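S.K.: For the sequence shown, the UniProt record's numbering assigns the number 1 to the initial residue and increments by one for each residue that follows.
The hints are simulated quantities; they were obtained by calculation from the structure and are not laboratory data.
Treat each hint with caution, since some may be false.
[To be verified] Distance ranges between label pairs, derived from CB positions:
hint: 1; residue 1: Phe317; residue 2: Glu613; range: 34 to 42 Å
hint: 2; residue 1: Val452; residue 2: Asp547; range: 36 to 44 Å
hint: 3; residue 1: Ala86; residue 2: Lys342; range: 13 to 21 Å
Predicted model, so just to flag it, every value in this text is computed and none were measured.
Glycine included, each C-beta is placed from N, C-alpha and C at the ideal position.
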Amino acid sequence: MSNVYYLTSQTVQYQHYPSSKLNMPGYNESLMESLGLLYDHSLNYHVSVKLIQKLAQYLKLDTFIDTEVQTTMESHIKNLKRLSIAGSLLLVDLDFAGDDIPTKVSLSSGNHSPGDSDASRQLSEPIGDAGKCIVLAEVQGLSTVVGIDFRKGGGVSFLNVRHDNNISVAEYILLSNLLRSTLGKFPVNLQYLANLDSLSPPDGDLVVYVDNMALFLSSIHATEIKADPGNWQVEEGWTSRVGKVALNDIEEGRLGLVLLFWKENRFLDRKRSPENLATGVIHKAVLSIKESSLPSIDYVKEASSGVWRLLSLLAAFKNYKFVFDGDLHLHNGQSVTGLTSKNWALVLDISRPVFLPKSLLDFLGLTDYKVAKDAPYSDTFSRLSEDGLLEYELDAQDIKVSFVTEEIYQFVAIEAFRIDSLIQLSKLLPIIRNWLVLTTLIRNVSRTSGVVLCDSRMEYSEANRKLKDSLKLPRDVTDEELVGLTTMSDVADYLGAPMLGGGADLSSFVKQDSRDDLMREESVKSEIAPAIASKGLKFVVKDIMYDSPDTDILVTVHGKTDSVEFSIELEVANGEIREQRTLKDVDMDAQNEVAKHYSQALALSEDPLLAFEVLT
């Protein structure tokens with residue numbers, strides 16, 4: 001039986017509840033919350049005219065079904081119905097043959113004409129020349145001032161960018177949504193349009209505002225490209241502070257302002273011949289406007305008064321200001337944040353959830369975010385949150401790969417953030433890239449054929465049992481008590497007061513002191529030598545570098561092949577794996593060379609075991 005859900009007319013007829021119930025305290029809020037959950041789940045529902053009408057009505061849009069639609073002689077479509085969905089700014093006409101076969105979508109806005117831009121299938125093509133709005137770039141004091149003229153954007157909008165067959169990209173996406181067996185992304189896109197419509201003030205236009213926000217961000221991206229010429233990763237958006245700006249996303253079936261900000265396997269895909277399909281997943285985000293309880297912010301105007309720190313040649317940061325005259329970013333100069341405006345906020349919706357430590361979110365001051373439900377690899381990161389350890393084993397080759405966090409992090413799967421400013425994007429995207437890299441490393445190991453995840457918790461319990469037996473402790477001693485006993489011993493050793501019997505003489509203390517010196521020497525060596533007993537790899541997340549520009553992740557890698565051992569310290573900065581330093585020891589020239597080869601292979605492949613094959 002297929003997992004297709006149908007919404008009957010009785011499901012959402014909440015108006016039939018007795019008025020006494022509707023007036024009960026908290027009843028309306030609970031009802032609307034339930035309807036909201038129902039709307040969120042509607043992507044699984046079967047396509048039908050009635051259902052789409054009810055979804056539009058839930059969004060407080062006007063609807064009308066016309067069963068006497070005039071058609072062209074060529075179409076010969078019988079039983080044609082047209083569902084018109086209207087707001088104060090936008091009008092969507094959906095034509096159906098019968099009740100569930102969509103044939104055409106028309107989308108219009110009073111402030112946008114169809115436009116005459118060329119047809120294109122490229123995600124980023126609607127922006128065209130990303131720097132076409134830049135009219136000035138000169139050094140003033142400690143900053144480079146870049147002037148922007150939105151009028152040079154040519155009125156380009158995510159609503160009117162043309163596709164082929166004489167329809168817009170937006171119309172093509174909406175029709176594609178409906179041509180599937182279930183609604184899929186259509187409810188999300190309808191809500192995106194409804195928010196722009198309902199949250200626009202009487203004389204303002206948030207559609208125009210979002211379009212000009214896209215031009216503003218694309219001007220920043222163009223400035224980055226000019227500052228670091230020939231850097232293909234910046235051009236593609238993979239290391240850009242704001243990503244590569246696009247209007248709509250045909251591949252994902254999403255409307256709006258899209259940022260392409262990260263790609264997995266980008267180095268390997270770049271080396272592949274054109275006939276070979278790229279395998280790297282592209283991570284994107286949609287900037288959405290949603291209702292908020294906080295006062296609205298003119299994000300674009302505020303961004304023009306701030307200082308942007310952008311990378312240039314030789315990885316040097318420089319200060320930039322992006323300015324424009326007056327209120328050219330607004331439709332007819334009409335504010336979208338005035339007294340007559342509803343409260344709204346900018347939200348970054350990520351195409352694929354990212355696992356971030358809760359402590360990092362607290363440090364960044366991010367308190368308003370959406371946690372993904374049933375995100376891929378949730379169980380894996382839940383175990384990492386609990387144990388600080390993931391251990392994999394490749395039985396066929398007797399190789400072990402482990403991931404360890406020195407600090408226990410509580411990982412949270414995030415799929416959306418409320419953005420406080422556009423400049424915040426330049427700080428947030430590099431951080432997201434860093435943790436996507438860590439996720440990719442773990443995922444690539446777990447997906448390798450023949451790899452199994454070991455149950456480290458069982459091994460931990462077995463080790464505790466053996467320790468209790470060696471100390472002749474009762475079996476009812478808890479693990480917490482055992483840890484406390486071990487901690488007491490460690491503290492005594494640290495204070496130079498070994499837990500010896502009361503009859504110990506001075507010579508015993510001298511001998512113990514000598515042993516302590518030897519242990520300290522061994523401890524220093526253990527900082528250098530790989531902390532790995534068998535053939536394989538051990539990744540240790542040492543620290544989050546909060547004071548670095550991109551909040552880098554410091555990772556130590558210990559490795560052991562049949563012939564050599566190595567250790568290397570890496571940093572993940574803005575999504576790039578870089579060698580920070582090789583841990584030194586006597587006679588380690590060979591190991592250092594191996595470590596260097598491994599770090600290079602890892603940076604290129606983002607696959608620990610694939611990079612390990614280079615050494616074996």
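S.K.: Does each hint hold? Answer for all of them.
M.R.: Going through the hints against the structure:
no. : hint                         : result
1   : Phe317 to Glu613: 34 to 42 Å : holds (37 Å)
2   : Val452 to Asp547: 36 to 44 Å : holds (39 Å)
3   : Ala86 to Lys342: 13 to 21 Å  : holds (19 Å)
Every hint from the earlier list agrees with this structure, and none is contradicted.
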